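K.L.:
Let chain A serve as the given structure and place chains B and C on it in line with the hints.
Residue numbers (my numbering), protein chains in the order written: chain A, 1 to 502; chain B, 1001 to 1315; chain C, 2001 to 2287.
Don't take every hint at face value.
What the hints assert, rightly or not - Here are the simulated lysine to any residue pairs, SDA-like style, with alpha carbons at most 20 Å apart:
(1) K211(A) x G1078(B)
(2) K1028(B) x I2154(C)
(3) K115(A) x K1028(B)
(4) K2061(C) x G305(A)
Derived by calculation from the structure, the hints in this document are not laboratory data.
All values reported here derive from a predicted model rather than from experimental measurement.
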Amino acid sequence: MNFKMLASTALVAGLLAGGAQAADLKIALQDDPDVLDPAQSRSFVGRIVYAAMCDALVDIDADVNFVPKLATDWKFSDDGLKLVMNLRQGVKFQDGEDFNADAVVYTINRNMTMKESRRKSDLASVEKIEKTGDYQVTFTLKQPDASLVAQLYDRAGMIVAPKAAEAEGANFGAHPVCAGPFKFVERVPQDRIVLEKFDGYWNAKDIHFDKVTYLPIPDTTVRLANLQSGDVDLVDRIASTDADTVKANPKLGYAEVAGLGNMGIYFNLANGTGAKNPMGENKLLRQAFSLSIDRDAIDEVVFNGAALPGNQPWPPTSVWYDKTHPVPPRDIDKARALVKEAGFDRVKVTIKHANNPVVTQAMQMIQAMAAEAGFDVTLQSTEFATLLDDQSSGNFEVSRSDWSGRPDPDGNVYQFFTTKGGLNDPKYSNPEVDRLLNEARASTDPAVRKAKYDAFVGHLLEDNPIVYLGTQKYLYGFTAKLNGFKPLPDAMIRLQGVSKAD
Amino acid sequence: MHIFIAKRLLIAIPTLILVSIFVFTLQKLLPGDPVLALAGEERDPATLDAIRAQLHLNDPIVVQYGRWIWAALQGDLGMSLRTNTPVTQLIAQKLPVTIQLAVMSMIVAVLCGIPGGIYAAVHKRRKGDYIVNILALSALSIPNFWLGIMMILLVSVNLGWLPASGYVSPVENFWLSMKTMLMPALVLGTGLSATLLRHTRSSMSGVLKSDYIRTARAKGLRPREVILGHAFRNAILPIITLMALLFGELLAGAVLTEQIFTIPGFGKLTVDAVFTRDYAVVQGVVMCTAVAFIAMNLVADVLYAFLNPRLRAKL
Amino acid sequence: MSDTSAALPPRASSRVLRSLRHNPSAIAGAAIILPIVILALLAPVLPIPSPDATSWTAIRKAPSALHWLGTDELGRDILSRMIWGARASLLAGVVSIAIALVTGVPLGILAGYFGGWVDMVISRVTEALLALPFLIMAIALAAFLGPSLTNAMIAIGLSAMPVMIRLTRGQVMAVKAEDYVEGARAIGLNHLEIMSRYVFPNIVPPIIVQATLTIATAIIAEASLSFLGLGQQAPAPSWGAMLNTAKNFLTQAPTYALFPGVAIFLTVVGFNLLGDGLRDALDPREQ
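Isolated chain A, as found in the complex:
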């Protein structure tokens, strides 16, 4: 009997909810973000939510130049050991607290010292931060580090409201308070994250939504189905094979942007038990392997043309790309000759890769291509969690891995190729490369850095501890009612200037 009443109240409620304002935006995400505290979070997808919730000191533009956000300008001292930043005035946090130098000092110190912080390595070059004016801070560095600005564009530079952060401590992620355009409302893990417009945002005139809801939908087909049915307005990354479907649909819009990262094949040179393999011991075989791959064919077959075939840690579109070392065309004769020169007829090798269909498809192509050059490749698909562990502990001969990329070139190479780098899973060690990458990091002059990175690429393509396949593009589908959406190479969804027609 009560059911009927309940049903009719619910119906009324439903009608009301159905007539919601057009200023609601629903975004389908590829994954569920982890903890929503900029100091603690690790996932790529979490940064997409921060793009709406937490402003950082610095931002990037479409050409990956660093531009002002909460900081209005900045300057390194001549010796590169000090970075002075002037801060924007009249900015408020979402709980009404004022944004100023104290807040920045608090946040950076929190990132550097809190036990649960994951930002310590991002800020490893920082000796200390001081308030040098109400709206000015000065970083003192242990050694010159040009990549610091890039860290301050990412989570390490997202300023949190000191009072709220102090009160919540390590639980800040349950109720984050930042200085971005949208404030946190609620989160149900694996279901949704809801943000609402923060009226006191410093740039409120560019914000045209009252509410943003993020829905984690891992399956690409289901994500697309939600877009087609109008249940979501914007899809964070559609599958490249679905791009034509979206383009052909007059009710949908499509956008793409080349990313900053890379897809790589990692060879175990000196990491634990897996290092004892011909590929790890002989660079001629790695060169041959690289030559046996037809990168354009992978782009066509697997990515439907929506990838950038490449051979360096950054995409060919990047200003840091060394044009004197272009993507090599497939050369099976030369590859075979190199295998012979290395003293082999056929080479047996096991490649581990993540067990998702797109990676598996590409690996099967590589398996077939490499076979023609003399490689008998066994594919071993591995769960992502196990793959990471195997790769860092050296339990692999060859492994296929992705890197989402960083706006500063240092973020794509330093940890991977320096002898003590935290992501140097091949355990590659070349004093000359160490020197070049340290010098590139220490200089703030782009021309000097470019020369160092070019020299590094020469070594990379000779030694091939990692063979790069290219960079994926980020593809977006959205309702045609959406105006002003322009994806940037970092794949963060910025809502400034985006609106939805009724």
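P.N.:
Leaving out everything else, chains B and C in the frame of chain A:
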């Protein structure tokens, strides 16, 4: 009766302790470092060690288990490594979702399975029986996940009738909630219907053969009265028991269906936690489903005893 | 259940065979399964393209005269991969059940025959295992062992074991009470002889029925694990793995997802029919 229930509850205790040990051991055996899995692209060795120590992951497994069970007894199931959410809170959020899915699937199953089973029993070894049986067999043999994918393709993508995924609370928006959950419930309900149908058929045909039904028929009661009034009332007993058992399985077994339709319930929570090595979540949620499963088994036994006059007398 | 466990009279097997031959359900089941088994066995000699032969200029093509069921995401012939994939599915069904039987039946006999604390221990452990969701357990085991077809079979087999233990235990307890077992004990046979000569043969029929029906479940479980990326390794085909890939091309190539699903469905129907038929044939009540 009370003694019967008390005895069963007592037996459940060692079972639950064993379950907790199994789950704990199994997840410790899983390859892949949880801290590394969570660190993703950011794995600075010093930070990783700090997290490990913070989570006591370097302690001997027995100590870890002891710590877990001690906290669990006080109602603390730990925190999700991934989202920093208390596991109890996650369970409280997800349980209603899975219960709604289970209830709706059960309704689908009852609506198809019981009338179908009665029909088949009444028409035993005739054309109708064979057709119903073939349908049931087919329903039993369709892989759930494939049916789910095909339905999304047809109903959501091509026809645009129902949402392809997600969850809406019935409190928030009742009709949308029903609409969203309908397709998953149909998918899960398909196999269930078949199981219910087969049991209803066999239970009913047993009863229909019995003497008192013959007597009732001989007295000249109309077939409808005989079947629904007399036979079904007697045949329903084992079916209600079965439904309690199936409900227990549903709470634990909606794994792939939740995965396909992106329903934020128990099954998806567990699978995602296994894949991301979110130990506390795996442990807490599997324990919770085991409790539910054992509880529904108990309910089934009690129902059986309670509804069966002969057994009731003995208790 | 206790009815089925009654000792079979002499030459029971020929009687069972005879009644199976007149059982429409068993015949239909065999009629579905046999061709699939034969195709799977003959895969190497059939005039079909190699299941690994890629063609990057003919990816995701619709069915045609050249490729009857079309081509997959690497231009491989789907029909050929389906036939080779049948081997993985059938193998997974049979081997995992064999594992469940080899581990579960002895434990069930021990528990049922000796009773007492042996039974107590085995039964509690079995109950605890039964309380763990089947697929969750299979997923965790498969993740533990690492993704491969062999490991998926082990995982499914071990997950199906508790059901076998429980079934066997119940059957043994019923058989134990029969006069001939009492008699065997009276003439002084040892436990091993009684178990192998008198108990075991009499619990075989219901176990065969259960095993046949569980093959159906195991085939679906293997497909589910492959679907989650925990089964057959690329480039070797399996129906579940094909579905896992096909799911990404639903809008471009819907038939790709259709065929492996239908194949799983038919095979499972076949084993279910066969199991039903066996049950009828072995169950004296139905005579």
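K.L.:
Tell me the numbers of any earlier hints that the structure contravenes, in ascending order.
P.N.:
Failing hints, ascending: 1, 3.
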